[in-house]
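Colleague: Read off the chains here:
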Amino acid sequence: MEIMQVVSDLVCSKRVVGFNNASLRVLKDLKGKQLVATDPVGVSPGEWVFTASGSAARIAMKDMKMITDLTICGIIDDWYE
Amino acid sequence: MEIMQVVSDLVCSKRVVGFNNASLRVLKDLKGKQLVATDPVGVSPGEWVFTASGSAARIAMKDMKMITDLTICGIIDDWYE
Amino acid sequence: MEIMQVVSDLVCSKRVVGFNNASLRVLKDLKGKQLVATDPVGVSPGEWVFTASGSAARIAMKDMKMITDLTICGIIDDWYE
Amino acid sequence: MEIMQVVSDLVCSKRVVGFNNASLRVLKDLKGKQLVATDPVGVSPGEWVFTASGSAARIAMKDMKMITDLTICGIIDDWYE
Amino acid sequence: MEIMQVVSDLVCSKRVVGFNNASLRVLKDLKGKQLVATDPVGVSPGEWVFTASGSAARIAMKDMKMITDLTICGIIDDWYE
Numbered sequence: 018m019e020i021m022q023v024v025s026d027l028v029c030s031k032r033v034v035g036f037n038n039a040s041l042r043v044l045k046d047l048k049g050k051q052l053v054a055t056d057p058v059g060v061s062p063g064e065w066v067f068t069a070s071g072s073a074a075r076i077a078m079k080d081m082k083m084i085t086d087l088t089i090c091g092i093i094d095d096w097y098e
Numbered sequence: 018m019e020i021m022q023v024v025s026d027l028v029c030s031k032r033v034v035g036f037n038n039a040s041l042r043v044l045k046d047l048k049g050k051q052l053v054a055t056d057p058v059g060v061s062p063g064e065w066v067f068t069a070s071g072s073a074a075r076i077a078m079k080d081m082k083m084i085t086d087l088t089i090c091g092i093i094d095d096w097y098e
Numbered sequence: 018m019e020i021m022q023v024v025s026d027l028v029c030s031k032r033v034v035g036f037n038n039a040s041l042r043v044l045k046d047l048k049g050k051q052l053v054a055t056d057p058v059g060v061s062p063g064e065w066v067f068t069a070s071g072s073a074a075r076i077a078m079k080d081m082k083m084i085t086d087l088t089i090c091g092i093i094d095d096w097y098e
Numbered sequence: 018m019e020i021m022q023v024v025s026d027l028v029c030s031k032r033v034v035g036f037n038n039a040s041l042r043v044l045k046d047l048k049g050k051q052l053v054a055t056d057p058v059g060v061s062p063g064e065w066v067f068t069a070s071g072s073a074a075r076i077a078m079k080d081m082k083m084i085t086d087l088t089i090c091g092i093i094d095d096w097y098e
Numbered sequence: 018m019e020i021m022q023v024v025s026d027l028v029c030s031k032r033v034v035g036f037n038n039a040s041l042r043v044l045k046d047l048k049g050k051q052l053v054a055t056d057p058v059g060v061s062p063g064e065w066v067f068t069a070s071g072s073a074a075r076i077a078m079k080d081m082k083m084i085t086d087l088t089i090c091g092i093i094d095d096w097y098e
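Residue numbers (our numbering), protein chains in the order written: chain X, 18 to 98; chain C, 18 to 98; chain E, 18 to 98; chain R, 18 to 98; chain W, 18 to 98.
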């Protein structure tokens, strides 16, 4: 799993069906690269989180048919970069 | 999911069977690397999109037998790089 | 599999259900990037380990429904970087 | 899918069983890194191709039991790097 | 598949169950990064090999329950880096 920081929500008016009501967040990885993740936790900008990728991202959403390859799994307390 | 920008259509006269009628687009990721993605959304050059990779790319195409490892999932509004 | 060094435990008060009682460790890969892994071995900070990623991470946990994409598989003896 | 250029055939006298009669090519990605791919298309050195990775590579070979994680999917016409 | 060079055997006294009797080798990829792979071929330090990753690594081991994400698939003859 990777360590990332929450940047913002994703504003996206046109997308494929298959995310159901999942929240999408823009994250920044430890190299500063921005990525998009599904969020079953409920996170806020600035928080540090850890994420699962690949099919583990769908296990974390409890939905193997969801279109995701990156899911937020938890909020990290007291993270020192 | 990754954030990418649409560059062009892919012009490809000889390819394996298994893409059916899927549109193929050339995208550029946030580091400037060019990639090829299947497009179920209908995007135009210059637009910012987010993409799913791996088996999530086939879920996004609603076809688990399609030969794709990268699919455009949506158009991002008001994206500030 | 990759070669990594154990940094610390992960302190995480809020996380999704699906890790059961798995221990989570912060690791550092050979480039210095920090990652989070499930640990079925029992490792201590400073030890060198090797890790399996993707679905191999779940095989290593003996639980294909666990939310993990990185698992510690063993402690390396006498590792010279 | 990634964009790569064909370098050469792979000369390999000793290999595991499981490639059947698949042709193996050495490719170069857009960063100059050399990789090995299975080739169901029939390509020649110097041509630009696009490739599928992971399980998509096996779908492209029409053989889910083939040992491949990278398959050439088509020849790109008029590619300007 | 990637092109790598064999560095050494992996000395590892404590590891999870699930590698059976598979030999583990330390390899070096074309960027110099060291990785660990299962070896069904029987290779010696200094030899150039090509490797399959992800689930293809398990197909190459003929054992879909083996904990591996990287397997040596063959020895490359006359490799010029």
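Worth double-checking, as some hints may not be accurate.
Since the list gives no way to pick one copy over another, a pair counts as held whenever it fits inside one copy or between any two copies.
Quick list of in silico lysine-lysine cross-link-like pairs, DSS-like style, CA-CA up to 30 angstroms [claimed, not checked]:
#1 Lys82 with Lys45
#2 Lys79 with Lys45
#3 Lys31 with Lys82
#4 Lys50 with Lys79
Source of the hints: derived by calculation from the structure; they are not laboratory data.
Colleague: Run every hint past the structure and note whether it holds.
Modeller: So, going through the hints one by one against the coordinates:
no., hint, in the structure
1, Lys82 with Lys45, "both (25 angstroms within a copy, 27 angstroms between copies)"
2, Lys79 with Lys45, "both (24 angstroms within a copy, 29 angstroms between copies)"
3, Lys31 with Lys82, "both (20 angstroms within a copy, 25 angstroms between copies)"
4, Lys50 with Lys79, "both (27 angstroms within a copy, 28 angstroms between copies)"
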